[in-house]
Amino acid sequence: MGTHAPILAIAVPLLGGFATPLVARISRVLRDFWVFAIALFVAVCVGFVAAQVFAHGVTVYVLGGRTPQETLAPGAFPIRIMLTVDGMSAFMGLIAGLLALVAFPFALRFIPEEEGKTLSFTLSLLLLAGIVGLAYTGDLFNFFVFLEVTSIAACGLIGFRTWTSRAPEAAFKTMLLYALSGLFFLMAVAFLYGEYGALNLAFLSRQLRGSALDRVALALFLSGLLLKVAAAPLHFWAPDAYGEAPAAKTLLLVVNTQVSLYGLWRILFTLYGGVLDAGVGWLVVAMGLLTMVVAAVMAVGQQDLGRLVAYGAVSQIGYMMLGVGVGLVTLAGRPDYALVALKGGVFHMLNDALTVGLLFLCVGAVEWVRGTRDLGELGGLGHGLPEVALFFLLASLALAGIPPLNGFASKILIYHGSFQLSPILTAVAVLASILLLAVFARAFQGVFLGPRVEVKPELPWSFLIPMIVSAVGIVVLGLVPGFFLEQVVTPAAEALWRGRHLYLAAVLGG
Amino acid sequence: MIGNLPFVVCMILVALGLWTLVAKRNLIKLVIGVGLIQNGVNLFLVALGYVRGGIPPIYTLAPAGAPMVLPTPQALTLTSIVIGVATTALMLAFAVVIYRHKGTLDARKVRELRG
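Chains Y and C, in that order, give the protein sequences.
Residues in the first sequence are numbered consecutively from 1, following the numbering used here.
Residues in the second sequence are numbered consecutively from 1001, following the numbering used here.
Any given hint might turn out to be false.
[To be verified] For the chain C half of the interface with chain Y, some residues (derived, Cβ under 10 Å), not all of them:
#	residue
1	V1009
2	I1012
3	N1026
4	G1049
5	I1055
6	A1066
7	V1069
8	P1073
9	Q1074
10	F1094
[To be verified] Using C-beta positions, here's what the derived DEER-type ranges look like:
#	chain 1	residue 1	chain 2	residue 2	range
11	Y	P451	C	V1096	15 to 23 Å
12	C	L1018	Y	G279	35 to 43 Å
13	Y	G116	C	K1024	28 to 36 Å
14	C	Y1099	Y	P386	38 to 46 Å
15	C	L1016	Y	A219	50 to 58 Å
16	C	L1018	Y	R215	16 to 24 Å
In short, the hints are calculated from the structure, not lab data.
Everything numeric in this text was worked out from a predicted model, so none of it was measured.
Beta carbons are placed, not taken as given, at the ideal position from N, Cα and C, and that holds for glycine.
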């Protein structure tokens, strides 16, 4: 199983997702176990792959070769479909596995049977397969295919509640933009194929000369992926999508956004790593700043708890872009600071997954208990749901970057790195964080404080355990960030930058 | 010039599709716009793989040394067409559901989610 772990992490949820309706025919209890077992299996696989990659370097898995390690066809040309997992891919896979472990148990009780629970699990497993596929693939066309798999599955989940009038609207809007983003990406792939006659990422990366055509392709890659990661001013679909999808499924949508961000880093650092100038880095920095500020300001006026948290989630994407963008800009001149900023941006992906995940779980719990997410109607839940109130507070503080929680650990690195480039960047980032803190404090006050409200159903353990797991993650990552930085984040950040030649060598040799 | 004609047609298709997305307000027309871009990109992929005077890429039937049309872009295009069908179907399904709820397909009147 060891060598086949990368492909199993994609194939098992893909097949398991389609088999879920059949299993549900036999027994609903069996289906719940089945779905959880698949999520657990994926988490074990990505964990195993990550351990292997962090210990032994880049892992390749070739489909259709005589052995899974035979990367080159006769003529030293990489023609087969392959998965190439380096530190960054493994890190992204870990995030996906972790959130799957949190999201799937939560959904077991969250989505009622009569609302199509079985099919929602089929879509979720497809989305999970697409996400892991995106993280692991070493081939641009397969990247496009997995991008579309995630798009279709994600929009299925966004528009899942077809009986509400808002969900189909959000889903249509999102699908339109996802389709557009996928087509831009495919067009860019076609440009590169026309020029170099290859689709393998490592091979193309070694061939790329930085011609005018390459730049056109880069512009198409950037516009496609920036659309998909919800960077301002292309962010408008994200709050609708996050807000309208069932809360338990929003976690997977957040990972979907992050894995598209990972794709952006892969294109910029690995594919274009040899020919990139600082201008693109500045573009990423500028869009990151714009995203965090616009989303934080938009969050102020929200009346729907789900949308409010969604804007918080969008603004965090801005911090990741700022961190990695600063890394791109200073890579050539100040490599020591570039690495700090890169680490911050990459670490923030993990922290954001946990904090935003926990916030959406709280939103889901509130919605499950009260049947509404309108801040005007909610209030006083802190008496009946003290644990949810505590978790919401914890996650809000972590999101705003208050020490000693995990958001602080990564944001301080981003601030530190960006300060070397320009103090203005840091000032804007800190201000956006403060604004977010104010917004979330108001939301906390509106939902949990006030006169006591009777809470009817007791929260089931399938809600509480995922919340406790995320909360423990938030605290532990905040208290001992050094350990995780050294073991997980540094290899991932190094893989983007210094590890580029290792990535190429693992596929092409030499 | 005449050799580049397919590429010009592709770009016209993509431009028309983008214009549709920007200028039109009917949800079905927006789906058609995405379809136009899809077709433009697919045509682009097929045109890239064309080799003048090439023969079908069936290895066992080809005479030795004859130029073959590239098979990869054709495989890519097939995949991309299948994906395009799924995307279009999903978007049209959502358009149907939106119409049931609101009785209109005008994107300006449909909007509930803003800000």
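For each hint, the structure was consulted:
no.	hint	result
1	V1009	violated, 14 Å
2	I1012	violated, 14 Å
3	N1026	violated, 12 Å
4	G1049	holds, 9 Å
5	I1055	violated, 18 Å
6	A1066	violated, 18 Å
7	V1069	violated, 13 Å
8	P1073	holds, 7 Å
9	Q1074	violated, 12 Å
10	F1094	holds, 4 Å
11	P451(Y) to V1096(C): 15 to 23 Å	violated, 45 Å
12	L1018(C) to G279(Y): 35 to 43 Å	violated, 25 Å
13	G116(Y) to K1024(C): 28 to 36 Å	holds, 32 Å
14	Y1099(C) to P386(Y): 38 to 46 Å	holds, 45 Å
15	L1016(C) to A219(Y): 50 to 58 Å	violated, 20 Å
16	L1018(C) to R215(Y): 16 to 24 Å	holds, 20 Å
Hints 1, 2, 3, 5, 6, 7, 9, 11, 12 and 15, counting from the list given before, are not met by this structure.
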